[in-house]
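Chains as they are written, first to last, in the numbering used here: chain F, 1 to 205; chain X, 1 to 291.
Just so you know, these hints were derived from the structure itself, not from any lab. Heads up, the beta-carbon is just placed ideally off N, CA and C, and yes, glycines get one too. Certain hints may be false.
Selected chain F positions facing chain X (in silico; Cβ < 7 Å) [claimed, not checked]:
id	residue
1	Glu34
2	Ile37
3	Ala55
4	Gln59
5	Trp90
6	Leu142
7	Gly183
Below, each chain spelled out in residue letters.
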Amino acid sequence: MKNSWTGGEAALAAEAPVENLAVAVHRRENGAFERLIDRFEAPLFGYAHGILQNAFDAQEVVQDAMMRAHRALTRQYDEARCASLALRPWLFKTVRNLSLNRRRSKTRALEEPLGSFDDGRLGPFTSGQPSDLERREETEMLRRAMALLPVEARELIVLRFMEEMSYAEIARTVGGSEASLRGKVFRSLKLLRDALEKRGVAHAM
Amino acid sequence: MQCRSVLTRVDALRTGELQPDEAGEVRDHLRTCPSCDESLGDLDQLAHAVKGLAQPPPRSCRDAICDRFDSVEAAGQRVWVAFSSRGLTMIHAGGSAEEFRARYAGHAGRELDHEHLPERLRRQVAAALSGEGVDDPQLDFVEVTDFERKVLEILTRIPRGEVRTYSWVARQAGRPAATRAVGNICARNVLPFVVPCHRVVPTTGGVGNYAFGAPVKRDLLEREGVPVEELDELARHGVRFIASTTTKIFCVPTCRDARRIRDENRVPFRDAEEALKKGFRACRRCLPAAA
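So that you can see chain F by itself, here it is in the shape it has in the complex (with noise of 0.2 Å):
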């Protein structure tokens, strides 16, 4: 077995429970918030981003939701709501959602929904030693790939792999179940695979 995939022990990026930020903003602790935002922002920001594929939208979405954010923690919901809450999934999730609205306001292409490309076996996809210059070429190339993939692979991308969520939280930000998602995160990342190949990079990569 020549890929880190089997080995099994690959840690999942998990939230350090240094402290249970929703509660601290919702005591109003000082700079509790600004750590919320320090920690959040960038992450929301790429999910907004994945599904937007707009930075201006992206970090209005990211902005109105750390607004709401704020204002359902320390308003909203009691102490004892914000001690059990799932931050990070929440967040996510509001973020989900402001971007899905603002992206159907803009009326776009409709794009296929992921159940009808098939999930047949991947072919080959082999690779030397890249390169500076080309692995920022493949970078680039990669970049184009996403955008060219419905919202729904696009989202799951950025979930399992950028933020490395597990698929708990996955199932608590998108909705469904684990083993749904299981097969929608293979299937969105081989659409990736497949959006490469067809510019021609599948052997660069």
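Chain F is fixed; fit chain X onto it per the hints.
Using the frame of chain F, we list chain X on its own:
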């Protein structure tokens, strides 16, 4: 287990998210299926490459959500001051820092963190507290309606040392009947001292109410040079305007032009109609009547 079922489970196996028996089946299959193993190598690389796509946001949303606060002491008074990158957002006298932060969150829906108040803003607050008046204060009105903003802006233009009535402000704001609304806006003014709601008084005389008590309002006005007792006297006699027989102009009593009219040339009026009827015109500086 079929290849297809295996492939959709491998990612979860990698992170230890499979049930032990399921994980065992997947491992068993991979040991005997080179095709699956190869596919995984490809996806593994792709997943790693995707991680490198993460981009930071162009700018932080901190500024839009978090403001700062500090305290200012001047003229024997200590106030809490909240500010944003655009200017002063709230001033409050008394209470603890925690109470002020809670008050602010309730008002603006934003969090406050302690930071040194920029010197320019500090000078403005200190000048307002000591009755020196502030030219062109740097203000950031948060959560205000259009009418509220209009009224607050009119308040900042009432000159130091002068007062106006609630009905005068309502008329200037284009809603002459909204006297009570103006009173409410003054009452909930979150930038007292700097937005001089203390310079608005009832038509019936006296200094009227104030968030920090009528005596504080009276003190503040006296410090700004308003002849408060004289005003009380005028109000007792129903005098609302002062006219000059030499210029044929009538003013509100605290207008600086009215205050330099000599005693022998002063004519008191109860209402503007009467003054107009007698051939006086309204002062263009203090605007005592509708144009």
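For each hint, the structure was consulted:
1. Glu34: holds, 5 Å
2. Ile37: holds, 5 Å
3. Ala55: Cβ of Ala55 of chain F sits 6 Å from chain X, so the hint holds.
4. Gln59: holds, 6 Å
5. Trp90: violated, 17 Å
6. Leu142: holds, 6 Å
7. Gly183: Holds. Min distance 4 Å.
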